[in-house]
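*Asks:* With chain R's structure known, arrange chains Y, B and C on it following the hints.
Protein chains in written order, with the working numbering: chain R, 5 to 296; chain Y, 5 to 296; chain B, 5 to 296; chain C, 5 to 296.
Hints in this document: simulated from the structure, not taken from any laboratory.
Do not take every clue at face value.
Copies of the same chain are indistinguishable here, so a pair counts whether it falls within one copy or spans any two.
To be verified - SDA-like cross-link-like pairs, simulated, lysine to any residue; straight-line CA separation at most 20 Å:
| id | residue 1 | residue 2 |
| --- | --- | --- |
| 1 | Lys186 | Gly102 |
| 2 | Lys186 | Gln286 |
| 3 | Lys203 | Gly234 |
| 4 | Lys186 | Thr93 |
| 5 | Lys34 | Gln219 |
| 6 | Lys107 | Ala128 |
| 7 | Lys154 | Ala128 |
| 8 | Lys37 | Asp237 |
| 9 | Lys154 | Leu130 |
| 10 | Lys34 | Pro54 |
| 11 | Lys107 | Ala133 |
| 12 | Lys186 | Glu47 |
| 13 | Lys110 | His129 |
| 14 | Lys36 | Gln51 |
| 15 | Lys290 | Thr43 |
| 16 | Lys186 | Asp97 |
| 17 | Lys290 | Ala70 |
| 18 | Lys186 | Tyr96 |
| 19 | Lys154 | Asp97 |
| 20 | Lys154 | Arg92 |
| 21 | Lys203 | Glu175 |
| 22 | Lys34 | Asp237 |
| 23 | Lys203 | Glu220 |
| 24 | Lys34 | Ala204 |
Listed below, chain by chain, are the residues.
4 protein chains.
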Amino acid sequence: TVEHIFKEIFKSALKLQETDHKKELLVSRKQKKEDTIVTINGETVGQGSPTFVFGPCAVESYEQTALVAEAISHKGLKLMRGGAYKPRTSPYDFQGLGLEGLKILKEVGAKYGLGVVSEIVTPAHLDEALDYIDVIQIGARNMQNFELLKAAGETKKPVLLKRGLAATIDEFINAAEYIISKGNDQIILCERGIRTYEKATRNTLDISAVPILKQETHLPVLVDVTHSTGRRDLLLPCAKAAIAIGADGVMAEVHPDPAVALSDSQQQMSIPQFDEFYNQMQQFMKNYQIEK
Amino acid sequence: TVEHIFKEIFKSALKLQETDHKKELLVSRKQKKEDTIVTINGETVGQGSPTFVFGPCAVESYEQTALVAEAISHKGLKLMRGGAYKPRTSPYDFQGLGLEGLKILKEVGAKYGLGVVSEIVTPAHLDEALDYIDVIQIGARNMQNFELLKAAGETKKPVLLKRGLAATIDEFINAAEYIISKGNDQIILCERGIRTYEKATRNTLDISAVPILKQETHLPVLVDVTHSTGRRDLLLPCAKAAIAIGADGVMAEVHPDPAVALSDSQQQMSIPQFDEFYNQMQQFMKNYQIEK
Amino acid sequence: TVEHIFKEIFKSALKLQETDHKKELLVSRKQKKEDTIVTINGETVGQGSPTFVFGPCAVESYEQTALVAEAISHKGLKLMRGGAYKPRTSPYDFQGLGLEGLKILKEVGAKYGLGVVSEIVTPAHLDEALDYIDVIQIGARNMQNFELLKAAGETKKPVLLKRGLAATIDEFINAAEYIISKGNDQIILCERGIRTYEKATRNTLDISAVPILKQETHLPVLVDVTHSTGRRDLLLPCAKAAIAIGADGVMAEVHPDPAVALSDSQQQMSIPQFDEFYNQMQQFMKNYQIEK
Amino acid sequence: TVEHIFKEIFKSALKLQETDHKKELLVSRKQKKEDTIVTINGETVGQGSPTFVFGPCAVESYEQTALVAEAISHKGLKLMRGGAYKPRTSPYDFQGLGLEGLKILKEVGAKYGLGVVSEIVTPAHLDEALDYIDVIQIGARNMQNFELLKAAGETKKPVLLKRGLAATIDEFINAAEYIISKGNDQIILCERGIRTYEKATRNTLDISAVPILKQETHLPVLVDVTHSTGRRDLLLPCAKAAIAIGADGVMAEVHPDPAVALSDSQQQMSIPQFDEFYNQMQQFMKNYQIEK
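Chain R with its partners taken away, still in its complex shape (with noise of 0.2 Å):
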């Protein structure tokens, strides 16, 4: 009917517009053409050459944070990650070390000459935590923590969003885009897989997803193969996977001794496995030749 036509003629139109907004989203490609790149620690997150950042689930000491970071300087590489206050899903986990663990990260940071990433979940500790960490992790189960995503907005700080368990791509930009709509962008996005109903890996990693969000934001995008996998031997796999598809660059887990981990004990490196780990990535980037 006629009617009909009109009502789906209107409808076209509030989707059109819907579009137009989409448009409009500062992460979005068509708002820059060019790819953000997000400089830490004098690492150029998003030009081209892989970035890796690797370290402990938790700190949970210092030598314990030395010894991962001794490996990782030793590599070359400029940055590491840590966890000081940590998301359990019981309370009565081991919770991080919280400032504590901070200012061990700085000065392990300091001492071996890394950048040092870590999660903040909650407004109130981020004026703190500013003094000591270099890029602000706001974790998956806080990727829709809002007032959160906007604090780190207001800061100059970079910020590496992780996607939510169970986040569409759609609401992981929009995340992205509260954050750069308080005046921050130097956004870094993280897949790190998400929640299906198989069990044979802690979560699926959403591969093209990585695509996905290079086309549709400037961003630069890092795959965590650790949590998406939950799998010690999937990790080089998938890293492989990560960088032939796009990805600028990939976090993973190390640990001096994982059976004894606080956290994550069963899919952190140890640093052995690490070397060996970071020896084959190295080999299949200069066959992909990737330099880095």
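*Replies:* This is chains Y, B and C only, laid out in the frame that chain R set:
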């Protein structure tokens, strides 16, 4: 092999410890056999007779809120919901009236004799909010905002905790444990649908979560029929299913003019629809010999 | 731009055609307003009073089947389910008694006055099976086994079609259309849970699928509480929810000795559990003023 | 308690048996360490150098098929896919040319020197199909059509088995076991995306399934980049990721005129797009030092 068997025995021992640990949760039925009853404005949530929580998605104005409150109050109900701080996917969507919205809620609640439930999204808002609301709602996106859970646990106000979009029942129970571990046992759980592949509904109402939560914990359990379905035509059948399966009550959104609502316009009931919904529920409960 | 608007208008027109196409489905309410009633052995499925289909997961022996049939028959019920061809994940699991099982079902059904429902897994089995069964069940794994759907559509036997493990409601409706398009309109739909990330239940019962299927189609809709939950303790509450939300009946598995069952031993009811389940359901339906 | 500990030890023993059972699968690496190599028309699938399987979604005519075959053959490739029996959601969608389609495939294959892969959807079609095709494809919807798996296992033709839309990796491996248990070990596994909540892609490519399947079984593993993504713009990046992670090859759909294709028009490559795709893959593989 013998070695293998010993390994497995060791694993079992670990598993046993884990199970024992689970038993120790303060929200667990194993810790407390009797149902927890949460009393708000004279309404006893969890005492057998179903509780209904209606109200607009967002507080938009005094008039809009008052119209809904009047309709609720005419039915002899004692609680109203209304969002002041709205977590929205896009930073450019209506974000709620904030403190102004809470003030409206309080004023309207006082006039119509209703206890008010409103979502708090970050610990920093909590202090000022406590003067205005009767129940702290923690929304799906913040179910694992652990700092917020802890902050709510340190108050003496009842907390309505919604299940996360992709939270397992086990994670949901542990989120409640974060609250109770800080001393606040006035917790109401709310199933509000989970994210699945099905697109006919906004989310998939996980109805069997209700009897599981009732078995595993001593807390009252509500079902939010609005967010789980996202469809006005499913509110009534899902509310009946919720009561039949043993939920302690139902939440649903009501707006004086859904077509112009600033959020969730597709799924809120108008006041005549609300009247019809409630009449049908009363008939259902009367048949089913439940008093309200 | 104008070009863009025309493009969208064209898209709308396509969408309209698609919607019109949808209207034309033979299973649709739009094609036939009145409820389809499927009569089996005197039981009128879809006529208002709930239908119950109980029976063992698999027919294992005459004795086992007869014990269950006796219990069903004592309750005045008229239908029994039992698997003869069992689709099993592993080729080394018990695969059912095949034709032998169908013969047992028929003999037991005749003795106790029960119509029998049994799953057929491939068109080649259909001809011989028609002599033994009253309802052709098409299982979840075969919901899109289109040759089987078409073959069942060419018979005159009622078909009980289960929703696929990850089928959308739209795909489910289209699977029923395959049957009806071949001339057989004696179709009963069965929601049996969908695959999600949640592990507390074997599948997630998508309870809101029931009112959607009742709205969209004119076919009767059952709920299989056994396969949707995989937990004996959830059978009763889920059966209540199914009836309350408007399902035309409930399916559940009963075995004389679940602990030694050759399949699904965790989720079948023993006969005393079955008696208790049915008593409680009768009480529930009496309250709810449903006659059986 | 001691009783509890014994119960758990007993459970462990059961679990051990289960694990041992798993070891015994004929498709398992534990049964056979060396990679299975499947030879089709001179192409050795699984021998290190990637295999490519291109072709139209559906065989629509001799001309359409021949145009694609010519393009494939020009690249020196040896295999072509094409659907003759099409499993479609709606009974009113194009269902394929059936036997006529197989005849076209054979004729075209012979002319251009290509081995042909085509989906068989029911055991009854198998006998006649064997004269026309070189590889029996079993599609996602039929991954647990066990009678079809058994029938394919009784032939001597290679079988390309696709993962079900919501199949776990464990179920996928067991489906392959159905085939091998009947004597046919010429099996190629194909990851083709799983159903998740994400809507940006048709399915979610579970890339980490590739290394898991390579570890757990001795069978070659392909990745279908067309069905996993449903987006032409993601074919190339996903194909690179597939090769990088260790897949034995890639499948993708090519049609002379995708806009008028009778199925999958949104996702097939045109012939110039196919040329570009293959050039880029060759460049990628050359860098990566893979010969083709």
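*Asks:* If any of the earlier hints don't hold here, list their numbers in rising order.
*Replies:* Hints 2, 10, 12, 15, 17 contradicted; others consistent.
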